[in-house]
Amino acid sequence: GESVGLHLPTLSVQEGDNSIINCAYSNSASDYFIWYKQESGKGPQFIIDIRSNMDKRQGQRVTVLLNKTVKHLSLQIAATQPGDSAVYFCAENISGGYNKLIFGAGTRLAVHP
Amino acid sequence: NAGVTQTPKFRVLKTGQSMTLLCAQDMNHEYMYWYRQDPGMGLRLIHYSVGEGTTAKGEVPDGYNVSRLKKQNFLLGLESAAPSQTSVYFCASSSTGASTEAFFGQGTRLTVV
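Chains as they are written, first to last, in my numbering: chain Y, 1 to 113; chain E, 1 to 113.
Keep in mind the hints are simulated off the structure, nothing from the lab. For glycine and all other residues, C-beta sits at the position ideal for the given N, C-alpha and C. One or more of the hints may lead you astray.
[Said to hold, decoys possible] DEER-style ranges, computed between Cβ atoms:
#	chain 1	residue 1	chain 2	residue 2	range
1	Y	59	E	26	24 to 30 Å
2	E	65	Y	27	22 to 28 Å
3	E	96	Y	45	15 to 21 Å
4	Y	59	E	14	27 to 33 Å
5	E	16	Y	55	47 to 53 Å
6	E	80	Y	68	42 to 48 Å
7	E	82	Y	56	43 to 49 Å
8	E	86	Y	58	38 to 44 Å
9	Y	22	E	60	23 to 29 Å
10	Y	81	E	101	44 to 50 Å
11	Y	55	E	14	49 to 55 Å
[Claimed, not checked] Away from chain Y, derived, C-beta distances all over 10 Å, residues of chain E:
#	residue
12	40
13	41
14	43
15	44
16	71
[Stated by the list, open to error] Calculated lysine to aspartate or glutamate pairs in the EDC-like style (CA-CA distance at most 20 Å, straight line):
#	chain 1	residue 1	chain 2	residue 2
17	E	14	E	38
18	E	57	E	38
19	Y	42	E	26
20	E	9	Y	17
21	Y	56	E	101
22	E	71	E	38
23	E	71	E	101
24	E	57	E	26
25	Y	42	E	38
26	E	57	E	30
27	E	14	E	52
28	Y	42	E	52
29	Y	68	Y	39
30	E	9	E	26
31	Y	71	Y	49
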């Protein structure tokens, strides 16, 4: 079936380093890809999205890269801070009729001082 | 601005009991979603709605029913709870099908014993 998956379940980084979280997707019909951040005890929070006709989009300290050839998505966080510690989910928006957001399993980012 | 509000936040049910989870949004969003989140897994779509009076099945709809009688409310019902339905449930809403920013509630932790 259609699915979105992640390569690494846990990522540990030093404060100040750059973080890269990866995600693989399988549905070619997805028109948007989205990254969400979920802190403990809270609901997911939107970080950044990217259209399927783009290959890069930048936000504040975050960059999302999309490689449609290999169906790969990544989230880069610059100068990682302790407040970035959370679980990060990639999701794909599957259009066509009704839109659906399908999530991957998540990657836990642990930032160490 | 309350955003997306879920009621209750916690609940313990006995096997076979029924209950309804309420989701309310005050952003006039057309789309609403119910997800469940299990340990080590991403969010899985249970049911969703693209507008008042309409509902559709997601990835894991069995054992659940939903209703969208009012645009601002999306109810998730469990007719006969099972231990396999122990999970954290998240409601989300988004403005249109083209919008990728879904706003999530804080979650409902349900335990079925």
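**Q.** Index of numbered hints that the structure contradicts, given in increasing order
**A.** 4, 10, 12, 13, 14, 15, 20, 22, 24, 27, 28 and 29
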